[in-house]
Amino acid sequence: MRIVSFVLILIFINPLSFVIGNADAETNNYYNFGFYDSEPVTSQDNFTVSGYLNSELNQTFISWSISNFGSILDSNSFEFYGTEKINSLYNYDWKIEINPINLGICTCLITISTGINEILTISKPIFIMDGTILNDSKTKPAISILSPMDDLIYTNELIISGYAWNYDATIPNVSWSINSVYLLEGQMTCQLEFIELSNISTRLIDDGPEVHQNSFNIDVDISPFDDGWHSLYVWSHDSIESNLINSELKCIPIKIDNDSPIVVINYPGILDYNFTQESMIPEISLLENSPRLSFDGSVSNDPFWGRNGLSFVWTLVEIIPNIYNDDYNVEVIEIISGIDEKVFSLTTDNSGFFRLTLSVSDLSGNIDSKDIHILITNLNPIAKLKINGQDVMDGDDIVLSDFNELILDATNSSDTANDMESLNCIWKVNNIPYYEDCYRKFIWPESVTNDKFILTLEVSDNDGLISHISIAVLSDEPNNNGYYMILLLIISIIFVSYAFYKRFNVLEDNIPKW
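If you're matching positions, the sequence shown starts at 737 in the working numbering and goes up one per residue.
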């Protein structure tokens, strides 16, 4: 029977599971798992694949398989028992004898695995030939794809990385093609054959000192592609005697998401907002202490991928005019974020000019924002006055005797909740400030000589808004000032007359008589 040599090519069934050369892990008690020689095997006869394993366990299992284009051609497993520890680890040397007699000419993959919960896997290609020039020239190149990963979302750029080999240790070329599918579910990805591929790009793997084990890393600009499902096809190829020899065609389903989400904010009676920053005109104007506002951003969506995976960030700031110039300052009031934060509730207890911003980002980091400007106008305080326990209204009259006192009570004056503690009361007599405080005892002012004056209560908040009540205060004593003045005038006249009279009599007594 003729022994047929074969080539084992590195083919990742799951790219995440395989490592070229060796694997290091500090979980599940396994460390430093690898090949003694990570180079591909090219053989016509029986050959050996060997490696090492360091583990904290004194018993371990190793399994291996040989595959060709995803089909398992041969497999087995074996068990090790440790006898001696070095640096707290059991050291195992494993060896696999391969007889290719039942495998035939192929470009194959040998995969070795170990582990319990987390499986560590290493692999490398094997090229098996029959030794004839004709068949050797038809041996397919090998390729292994490390990235991108299946079904992940990419934006603007993706990196194609992996390894490629030829049976004769030369380096093949690598080509790729991205074909659009667009279907939301993605069931139609990876349906094409070589002959159907379009927009093919090719890269020569650099054969330089920076290249390690025939590796390649290709940056692909995907910004021109529309959002949706796409099939990424990658393969290696070589030209031998004018014949183009392709490796197995690798296909990775990928999602492309280049477009930002569309932000929509709904408010009862208003759908979607447009705002010009330069105008500073509010879209919503209302009075302080109005009903709570609710803004709904849940209808925001990604143009292709929908609403799944969207994150929401609401930012409320107050825009405060700068008293020194035409600019303004911004003070952050509240920020909430999360995938479930689709609604923002705004209380109207505080007056001011506010900007509410909703920023929506998708899983790829694409982001869009929309602003709403809200003007909440401050309410004037409401002045309320009681005098001696009785409610008094603006324009009322009250009577006060010269020797009695009034109890002035404005403590029932009110404002919105945020301004209540800042209320201040000023009492004015004939528009001149006289007292401060919202609860006072009051007597007839000494400065008032008439029988009437105007008493004014001014209630103000910390925003400078004022409400007032004015009443007329009357004296209960008759006004005798006129009589006093007349009496004083008469007494003055009598006094002056008497003085002149006395002076005239004195002068007459001093005149000599002859």
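These aren't lab readings, by the way, just hints derived from the structure by calculation. Don't take every hint at face value.
[To be verified] Here are the simulated distance ranges between beta carbons:
#1 813 / 1072: 29 to 39 Å
#2 799 / 975: 34 to 44 Å
#3 929 / 820: 47 to 57 Å
#4 905 / 781: 14 to 24 Å
#5 1175 / 1133: 42 to 52 Å
#6 1235 / 1212: 47 to 57 Å
#7 929 / 799: 39 to 49 Å
#8 838 / 799: 41 to 51 Å
#9 1021 / 1071: 20 to 30 Å
#10 1072 / 887: 51 to 61 Å
#11 1132 / 1175: 41 to 51 Å
Quick caveat, the model's predicted, so the values are computed rather than measured. The beta-carbon is built from N, C-alpha and C at its ideal position, and this holds for glycine as well.
Hint-by-hint comparison with the structure:
no. : hint                    : in the structure
1   : 813 / 1072: 29 to 39 Å  : 54 Å, violated
2   : 799 / 975: 34 to 44 Å   : 38 Å, holds
3   : 929 / 820: 47 to 57 Å   : 54 Å, holds
4   : 905 / 781: 14 to 24 Å   : 18 Å, holds
5   : 1175 / 1133: 42 to 52 Å : 22 Å, violated
6   : 1235 / 1212: 47 to 57 Å : 40 Å, violated
7   : 929 / 799: 39 to 49 Å   : 33 Å, violated
8   : 838 / 799: 41 to 51 Å   : 19 Å, violated
9   : 1021 / 1071: 20 to 30 Å : 24 Å, holds
10  : 1072 / 887: 51 to 61 Å  : 31 Å, violated
11  : 1132 / 1175: 41 to 51 Å : 19 Å, violated
In this structure, the hints that do not hold are numbers 1, 5, 6, 7, 8, 10 and 11, in rising order.
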